[in-house]
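S.K.: Protein chains in written order, with our numbering: chain W, 5 to 423; chain R, 5 to 423.
Keep in mind the hints are simulated off the structure, nothing from the lab. Errors might be hidden in some of the hints.
Since the list gives no way to pick out one identical chain from another, each pair is judged satisfied if it fits inside one copy or across any two copies.
Claimed, not checked - EDC-like, lysine to aspartate or glutamate: derived pairs with alpha carbons at most 20 angstroms apart:
(1) Lys184 / Glu325
(2) Lys334 / Asp390
(3) Lys62 / Asp301
(4) Lys231 / Asp301
(5) Lys306 / Asp226
(6) Lys184 / Glu361
(7) Lys231 / Glu305
(8) Lys391 / Glu249
(9) Lys184 / Glu324
Protein chains: 2
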Amino acid sequence: MLSALDLARRIEAGTLTAAAVIDFCAAAIEAREAQIGAFAAFDVERAKSAARNPALIKTPLCGLAVGVKDIFDTADFATAYGSVIYTGHHPPSDSALVSMVRRAGGIILGKTVTTEFATLQPAHTRNPHNPNHTPGGSSSGSAAAIAAGMLPIALGSQTGGSVIRPAAYCGVAGFKPSYKILPTLGMKGFSWYLDTAGLFAAGVADVAFAAAAIAGRDLRIDQSEPKPPRIGLARTHIWEEASAEMQAAVETAARKAATAGARVSDITLPPIFEDAFRAHAIVQDYEGHRALAFEYDHHQEKIGPILRAQLDHAASITAEEYDAARRTTKRARQALADLMGDIDVLLTPSAPGAAPEGLASTGASIFNRLWTLLGAPCVNVAGLADKAGLPLGVQIVGRFGRDRAALEAALFLERVIAR
Amino acid sequence: MLSALDLARRIEAGTLTAAAVIDFCAAAIEAREAQIGAFAAFDVERAKSAARNPALIKTPLCGLAVGVKDIFDTADFATAYGSVIYTGHHPPSDSALVSMVRRAGGIILGKTVTTEFATLQPAHTRNPHNPNHTPGGSSSGSAAAIAAGMLPIALGSQTGGSVIRPAAYCGVAGFKPSYKILPTLGMKGFSWYLDTAGLFAAGVADVAFAAAAIAGRDLRIDQSEPKPPRIGLARTHIWEEASAEMQAAVETAARKAATAGARVSDITLPPIFEDAFRAHAIVQDYEGHRALAFEYDHHQEKIGPILRAQLDHAASITAEEYDAARRTTKRARQALADLMGDIDVLLTPSAPGAAPEGLASTGASIFNRLWTLLGAPCVNVAGLADKAGLPLGVQIVGRFGRDRAALEAALFLERVIAR
Chain W
5 MLSALDLARR
15 IEAGTLTAAA
25 VIDFCAAAIE
35 AREAQIGAFA
45 AFDVERAKSA
55 ARNPALIKTP
65 LCGLAVGVKD
75 IFDTADFATA
85 YGSVIYTGHH
95 PPSDSALVSM
105 VRRAGGIILG
115 KTVTTEFATL
125 QPAHTRNPHN
135 PNHTPGGSSS
145 GSAAAIAAGM
155 LPIALGSQTG
165 GSVIRPAAYC
175 GVAGFKPSYK
185 ILPTLGMKGF
195 SWYLDTAGLF
205 AAGVADVAFA
215 AAAIAGRDLR
225 IDQSEPKPPR
235 IGLARTHIWE
245 EASAEMQAAV
255 ETAARKAATA
265 GARVSDITLP
275 PIFEDAFRAH
285 AIVQDYEGHR
295 ALAFEYDHHQ
305 EKIGPILRAQ
315 LDHAASITAE
325 EYDAARRTTK
335 RARQALADLM
345 GDIDVLLTPS
355 APGAAPEGLA
365 STGASIFNRL
375 WTLLGAPCVN
385 VAGLADKAGL
395 PLGVQIVGRF
405 GRDRAALEAA
415 LFLERVIAR
Chain R
5 MLSALDLARR
15 IEAGTLTAAA
25 VIDFCAAAIE
35 AREAQIGAFA
45 AFDVERAKSA
55 ARNPALIKTP
65 LCGLAVGVKD
75 IFDTADFATA
85 YGSVIYTGHH
95 PPSDSALVSM
105 VRRAGGIILG
115 KTVTTEFATL
125 QPAHTRNPHN
135 PNHTPGGSSS
145 GSAAAIAAGM
155 LPIALGSQTG
165 GSVIRPAAYC
175 GVAGFKPSYK
185 ILPTLGMKGF
195 SWYLDTAGLF
205 AAGVADVAFA
215 AAAIAGRDLR
225 IDQSEPKPPR
235 IGLARTHIWE
245 EASAEMQAAV
255 ETAARKAATA
265 GARVSDITLP
275 PIFEDAFRAH
285 AIVQDYEGHR
295 ALAFEYDHHQ
305 EKIGPILRAQ
315 LDHAASITAE
325 EYDAARRTTK
335 RARQALADLM
345 GDIDVLLTPS
355 APGAAPEGLA
365 STGASIFNRL
375 WTLLGAPCVN
385 VAGLADKAGL
395 PLGVQIVGRF
405 GRDRAALEAA
415 LFLERVIAR
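Looking at chain W on its own, in the form it has when it is part of the complex:
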C-alpha cells in the first residue's frame, strides 16, 4: 500500500515528486485494476499534468493523488452515483469536499466505484485480498484501491457502515469523522440525518494526515507516540452475530492494548442502544424514500432489486415512526456521552467477520449503524486476519467531536496489533 504520510514526507524532503506518486498509482492500476475494478473513471495523464505544478509542494497534501467515491460530484469527471440512471452525467461543479481536497493540494486521479446510490446494491469491485470476495460497500472502490496500492488517499461516505466495513474487509484504515465535520453538499444523498463523508488510507496515521489536510484541523497524530487510551470493550447486543474469529480478533486487540498499558474495561451498553440500533433503519429508509424520490418515481425500472425492495418497504414508514426514531437517537446520543465519561474510546468489531465470499452482497453493516446514527467518530484498525488470510478489522469509536482522540487511540491499537 501507499502510505500518504510517507509519500508526503518524501515530497517535502525533495526526494520524490507528486508526479512520481501518480506513476506509482498508475503502475498499480495497470497491474491490478482489470481484476479489481476499483475505478469508475481515472485519468493518469491529466493527474500527472496537474502534479507538475511546483506550488503543490507547499500544500497540506503536497499534490498527493486522491480517489473520489463516485457519489461526490466532480466537474471534470462524469459522476454516475453507481446508477445507470446517471451514466455520463457531468455535474456543473465539484462537491464541497472535493473542493476542499483541491484546496489542500490533492490531485483527483479518478472516481472510485460506489454501490448504487451508496446503498446495499453491490457493484462489480472485487476484494484485493481475494477477488472472489466482496470488498464491502458502499465505498467499495475507495477501500479496494487503497488496499491494492492504487491510491494513497480516497474519499468515501457512510450512512450505515459504508466506510468502516469496506475498510475492514480490505484491510485498510477507514475514518468516519464526527457527523458534519466534513460536508456532504454536492454528494448524492440518501439520508440527511445519517450521511457522513469519510476517508480511506493505508494506515491510521495516513488517514489522520489526510483528514487534517483536507479539513484544516489539528488531527495529525504522527508527531508523537500515542498515549495508552482508556478503552471500553463494547461487545454490543449483537456480539453473537460476530464470527468466532472476529470475536477473537477484538479480544486479541483488547488484550494487546492492555498489555501495552491501555486501561481496558468491559462496557455493557444500556438498553437505549438497542432501540437506537433499530431506529437507524427507520431514519435511513424514511429519508431514503424521499431522497431518491425522483429516481424511484421516474426510473424505477433502472433501480437494482435490493434497493428497489428497500425503497418499496420504506414507503410504509410513517412520520410518527420517524419522529420517534429521531427522539430515540437524541436520547442515545446523551447516553453515549454519559457512558464515555471516564473512557476515551470504545473497541468493537468493524464488521461481523472477514469479507464474505461472492459479489452478490457487500456484507452487513450491523456493527456500524449505531455509531453512524450517534454521529460518533469511528476508525477501522487493520492488522488482524482470519485463517484464510482475509483482513479482520476492529473498530474504535470515539466521543462526538473528539476525533483526534479516536484517531490517537486507533493508532495506538494499530501499533500494538502490529507488534
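Place chain R on chain W using the hints.
M.R.: Relative to the frame of chain W, chain R by itself:
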C-alpha cells in the same frame, strides 16, 4: 391572495378545477409579473396540461400550483441558484422536496427568484406592496408571488432569515419548520448546519395545509378553532434595533392575544442566546466558504460584491472558532428547551421593521438568525402594517419538533390581529 386551503376545498367540492387555479395564477402573473419580477421561469401551458389529470383531485394538494425557489433543483425547469455561473443549468433530477410536492399532487408552475445562492446579494424582485421596496430575501420571488396572488403555495429556504423576513415584508404567511423536517437534498446549500427548507402561502392555515400535504404530517390546523396559547414575549437583546412601529406591532399582537385569552408573559432570554446569536455568523460563513468553494475558486469574478466580501472574510474563520460556535449552539438549544418548559411559543419581531426602501439590500435577518441556529419552528404572522401601509410581520417561534403547536399559536394570533 390565493388561499391554498380555500382553493383545495373548492377543488375537492367539485366547484373549481386545478386548471382554473392555474388560470388565476396566470392572470395575476399577466397583470403584475412585469413589475414584480417574482419568477425566474414559469410555464403556464405545461402546468395547465398537468392540471387536467383527473387523479389529482384525490391528492393532498389537489393539483394546486406551486412555485419553487430557484435554489432547488428541478428536472423540467432550468435551475440557476440566482447566479450567472449557472445560467441555463439543467439539473438531471428534482430535489427531494420538489419530488415530495409532486407526490403530494402539487403542480410546479415555475421557479421563483432567489438572491444569489440564497445569500444577501439581492436579485431584481420588487415588493408587491410598493415596488420601490425590497421584498426581502433570499426567498424573494416566493414571498412576492404569494403576495401578488400569482401562486397559492411556494417553496423557500432559510439559512439566516430567508423565509420569515420576506414573508414579513410581503405580508404573507411564512413557515420555517423544525430543522430537518423537510429535506434540503438537491438544494444548492450554503450552510449544512443551518439551511432549512420552508414554505409560503397566503395565511397561516394555508401554509399549515401545504406543510401537512407535502410532508405527510399531522399539521392541518383548519379543522378546529386554535386554543389560546401560552406566549412568551421575547424582545431579545436587539429589541432596540427594531423600529418603533415594529415594537408597537409586537406589543399590539401580544395585547390582542392576551385579550383573546392567551397567557402572555415577558421572557428575558438568558445570556447564552447572545453568544448563540454571534455563533450563527461563524457557523454560516465557515460552512459557506466550503459550500461555495467551487464557485469561489473558479468563478470568483461572477460572484456579486456582497457575497464575495462575505466569502473573503469567511476564509479567516478557524476550525476552532467553528467548533466553539457549534458547542455554543448545543448549549443554547438546551437553554431554549428549558426556557419553554411552561410556555408554548415565543412572540418576537419577524424583522427590524417594514421592508426597507430600494433594492440594494434585502434587509436584515437579525431577528431570525438565532431561531434558525436553534432549529426551532418559526412562523411569520401578517396582518399589521406601518403608517405607509407596508406589512409588519410578527414571529411565532415554537419548540423544536412542536411544529403543529407553533402553527396553531400563529393561527390564533393571525385571527386576533385580524379582529
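S.K.: State whether the alpha carbon distance between Lys62 and Asp301 is at most 20 angstroms within one copy, between copies, both, or neither.
M.R.: Classified as between; 18 angstroms across copies, 48 angstroms inside a copy.
S.K.: Under a CA distance limit of 20 angstroms, which applies to Lys184 and Glu325: within one copy, between copies, both, or neither?
M.R.: Classified as between: cross-chain Cα gap 15 angstroms, same-chain 24 angstroms, threshold 20 angstroms.
S.K.: Indicate which option fits the pair Lys231, Glu305 if close means a Cα-Cα distance not exceeding 20 angstroms: within, between, both or neither.
M.R.: neither (54 angstroms within a copy, 49 angstroms between copies)
S.K.: Is it within, between, both or neither when you check Lys231 against Asp301 at 20 angstroms Cα-Cα?
M.R.: neither (53 angstroms within a copy, 40 angstroms between copies)
S.K.: Is the C-alpha distance from Lys334 to Asp390 at most 20 angstroms within one copy, between copies, in both cases, or in neither?
M.R.: Result: close neither inside a copy nor across copies, 37 angstroms intra and 43 angstroms inter.
S.K.: Since the copies are identical, ignore which copy is meant and state whether Lys184 and Glu361 lie within 20 angstroms (CA to CA) inside a copy, between copies, both or neither.
M.R.: neither (34 angstroms within a copy, 39 angstroms between copies)
S.K.: My question is about Lys306 and Asp226: at a cut-off of 20 angstroms on alpha-carbon distance, are they close within one copy, between copies, both, or neither?
M.R.: For Lys306 and Asp226, neither the intra-copy (46 angstroms) nor the inter-copy (41 angstroms) Cα distance is at most 20 angstroms.
S.K.: State whether the alpha carbon distance between Lys184 and Glu324 is at most 20 angstroms within one copy, between copies, both, or neither.
M.R.: Answer is between: at 14 angstroms across copies they meet the 20 angstroms cutoff, but 25 angstroms inside does not.
S.K.: First find the shortest C-alpha distance between Lys391 and Glu249 inside one copy, then the shortest across copies, and answer within, between, both or neither for a cut-off of 20 angstroms.
M.R.: within (8 angstroms within a copy, 78 angstroms between copies)
The structure shown violates the earlier hints numbered 2, 4, 5, 6, 7.
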